[in-house]
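Residue numbers (my numbering), protein chains in the order written: chain A, 1 to 429; chain B, 1 to 429.
There's no promise every hint is true.
As the list claims (entries may be wrong) - Calculated Cβ distances over 12 Å to all of chain A for the following chain B residues: (1) Leu19; (2) Trp57; (3) Ala216; (4) Arg268; (5) Glu275; (6) Arg280; (7) Ser284; (8) Asp288; (9) Gly345; (10) Pro391; (11) Ser392.
Unchecked claim - Covered by chain B, per the in silico footprint, the following chain A stretches (three or more residues, Cβ under 8 Å): (12) 80 to 87; (13) 251 to 265; (14) 276 to 286; (15) 290 to 301; (16) 376 to 389.
By construction, these hints were calculated from the structure, which means they are not laboratory data.
We put the beta carbon where it would ideally sit given N, CA and C, even for glycine.
Protein chains: 2
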Amino acid sequence: MKDADRDDDLVSRTRRRFLGQGAALVGGALAGGAAAGTARAERTAPVPNAPPNVPEWMKAPGADVGSELYGTPSRFEKEVVRNLARNLKQYTSASSRAPLQEFDGIITPNGLFYERHHGGIPDIDPAQHRLMVHGLVEIPLLLTMNDIRRFPSESHIYFIECSGNPGFEAMNGRTASDLVGLVSCAEWTGVRLKTVLEEAGLKPDARWVVAEGADAAALTRSIPIEKCLDDALLVYSQNGERLRPQQGYPLRIVLPGFEGNMNVKWLRRLNVTAEPAYSREETSKYTDSMPDGTARQFTFYMEAKSIITRPSGTHRIEKGFNEISGLAWSGHGRITQVEVSVDDGRTWQAAQLQEPVLTRALTRFRFPWTWDGRPTVILSRATDETGYLQPSLAELTAVRGMKSFYHNNAIIPWRITASGEVTNGFVKA
Amino acid sequence: MKDADRDDDLVSRTRRRFLGQGAALVGGALAGGAAAGTARAERTAPVPNAPPNVPEWMKAPGADVGSELYGTPSRFEKEVVRNLARNLKQYTSASSRAPLQEFDGIITPNGLFYERHHGGIPDIDPAQHRLMVHGLVEIPLLLTMNDIRRFPSESHIYFIECSGNPGFEAMNGRTASDLVGLVSCAEWTGVRLKTVLEEAGLKPDARWVVAEGADAAALTRSIPIEKCLDDALLVYSQNGERLRPQQGYPLRIVLPGFEGNMNVKWLRRLNVTAEPAYSREETSKYTDSMPDGTARQFTFYMEAKSIITRPSGTHRIEKGFNEISGLAWSGHGRITQVEVSVDDGRTWQAAQLQEPVLTRALTRFRFPWTWDGRPTVILSRATDETGYLQPSLAELTAVRGMKSFYHNNAIIPWRITASGEVTNGFVKA
């Protein structure tokens, strides 16, 4: 029996359900394997059931334990970094995006969490940092980080998302990160804001809390008292360790489901007031210009959204089985359903949601798909526990117009070409 | 009114529930605040309700967005690293421990996940890496990493724990990390091992799967087929990003609840067999010598365990409110209860468990405690969903003897001295 025949025979006997003919499925093929060459070479080697060749990295001891006391990714993953536009006039007030198309699961590793700063990243000594709580309170507080850590703590997995995700230009992006990389998700630990406000004692006319960051922009946002007394957290830890400087070290607010810029980083001041501050970031920015010339202001909640991250722009797929996987989230609570269309929106089918599905956290969805090799467009749309369904771009712009693009949660299309290339479906082919 | 009187007056009016007299509670105290000196200095400054002084880091723009495309911790956290013994003869086969006393929540950041290697850390090129599946299968497979990523995926948060956590010497450790730092928890993404075995097709007499790592030790462990067909995962991602080299890049097994060394890293081979391999790591190591001279072998599951991480050894507490917080876990499923004793085990009270409580994941517990300033010993004990209660050291050694100390899950005592110092309660004061 010739090698080629033998190969075909072996392939026909397999129960292959997920790997196609082209994959490195091998019976009598392993001696030349591991470190060697192509799948074809592997499939014609003669010794069945022998182990693959011993690769170089087994022939001598590897790096010592503790050679990195704080670990870093493999050198083969050095391209997996935050996505930073290379053509900005300045980077003090700018953003870098999380590489969503590289992610698995729902946790964003701290090193890849998206950034958005308005005055650069301050280098804060936590021993010198103070949080002041003042205004309409019975007794003002000036708290050290040690004081803040003495309060009862909580941990929750929540997403944070920039309200401009995606803005106009980003709609032309190539990758999932280009489009909606201004969202990330982590386990946050801190103190309920309510606990600290109760320690200070709210006066009867307390209606807003004006939060100020200790960055050069002194970023300032007004938070309604109802949110402050609900699930708002003063956070000092992210995914188990202290906040990173980019995410507000040593202290930030997390307002589950509220637009990113309200989750004030490097938090130094909470001024309890009767009226909002009408700060720069709630007047000249972060308001939505409507078709009639008015502005939507204080648009706190991020609405339900989803994106297929795999396959997504710049990926290439093969005929046969392809798992479609992506992320869904809503500022209003839990995701209850994600539907996927593999025929440009003509029909929709329910995707599987990975448990645990948590309120105001990213939710991973998956959908098994066998691609027949014909060009198509794939889409996802999320529904949250309020019954709200993620709209199409046409539905969204019919209501909002095109004057501004905060809170853009339109369905995102990915085009699949006959060769399996995946491109942004918003951009004309 | 003198400043001191004024201060006392303000303090008496507050609703302080969590912060003691010594904390930086301030009414007319804020102008000299933030970057200034001691709590006392702050409390005597004269201007009420003014913001704290503007710190240096607000006076000029901070670091640019994207100055770290892969983020790292603040320079003020450089002591928070893996805990490595400094007196070993060699570090090729050794361990470093997670700094549990620094952690919040349940997720271990990838940079601080504990390490245990038997032949150093290999530097594997994922494009060259292969997984061979052979032995008692219908058709052997030789899979590339791309092949493995084409199978349907799942994500789960699981702990992994070394079976020697703590061993004899570690029982004398100073910190929570010294004692049981060989445990960590992450969100893992990969393929069910069952899916890959079904792709190959198991022969009727398949009873074990012998897994081999691509490290210089070729670490080899035999896994019962029942576990392989249950929740065993072939994992390529940890907390959203690719595995780190220390955790098995590019591919490892995760066997939820099974002792750490069976979760074979750098996985290159799965040999399906009728009998276990009786490899070095399941004969000369990772067996428990019993009092009668026999050895317990194939002790897969890690039993229920807990530890108070805050306050814990080397911490110092103050009189008044102190939150007791710690971690509990069980290889047999969910933690159903954690009890805390603040009187050296005479009485026990239920701690709060942070939701979500997940099977075979770390569970964060918290217990509010007001310390009266008297010396005492604080303890925690976990119960899992099988009804199993974590034993005392005396109960454990009565059954197991003292010949070996794998699977030591004894209750861990922390002594509190009159000055508030916290020390290891196993060590005589």
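Taking the hints in turn, this is what the structure says about them:
Not every Cβ of chain A is farther than 12 Å from the Cβ of Leu19(B); the closest lies at roughly 6 Å, contradicting the non-interface assignment. Listed as outside the interface, Trp57(B) is inconsistent with that label: its C-beta sits roughly 4 Å from the nearest C-beta of chain A, within the 12 Å cut-off. Not every Cβ of chain A is farther than 12 Å from the Cβ of Ala216(B); the closest lies at roughly 5 Å, contradicting the non-interface assignment. With a least CB separation of 7 Å from chain A, Arg268(B) falls inside the 12 Å interface cut-off, contrary to its annotation.
With a cut of 12 Å on Cβ distances, Glu275(B) stays outside the contact zone with chain A, its closest approach being about 16 Å. Arg280(B), annotated as away from the interface, keeps every beta carbon of chain A farther than 12 Å; the closest lies near 15 Å. The beta carbon of Ser284(B) is kept farther than 12 Å from every beta carbon of chain A, the shortest such distance being approximately 19 Å. The beta carbon of Asp288(B) is kept farther than 12 Å from every beta carbon of chain A, the shortest such distance being approximately 24 Å.
Distance check for Gly345(B) against chain A: the nearest CB is about 24 Å away, which clears 12 Å, and the non-interface claim stands. Separation of Pro391(B) from chain A is adequate, the least Cβ-Cβ distance of about 28 Å exceeding the 12 Å criterion. Residue-level check passed: Ser392(B) sits 28 Å from the nearest beta carbon of chain A, beyond 12 Å. Only residues whose beta carbon comes within less than 8 Å of a beta carbon in chain B count, and the stretch 80 to 87 of chain A has 4; three or more means the coverage holds.
Requiring three or more residues with a Cβ within less than 8 Å of a Cβ of chain B, the coverage given for the stretch 251 to 265 of chain A is violated, as only 0 such residues are present. Against chain B, the stretch 276 to 286 of chain A contributes 0 residues with a C-beta closer than 8 Å to a partner C-beta. That does not satisfy the three-residue criterion, and the hint is violated. Counting residues of the stretch 290 to 301 of chain A whose beta carbon lies closer than 8 Å to any beta carbon of chain B gives 0, which falls short of the minimum of three for the stated coverage. Coverage of a stretch by a chain is defined here by at least three residues with a beta carbon nearer than 8 Å to that chain's beta carbons; for the stretch 376 to 389 of chain A and chain B the count is 0, and the condition is violated.
Going down the numbered hints, you'll see the structure goes against 1, 2, 3, 4, 13, 14, 15 and 16, while the others check out.
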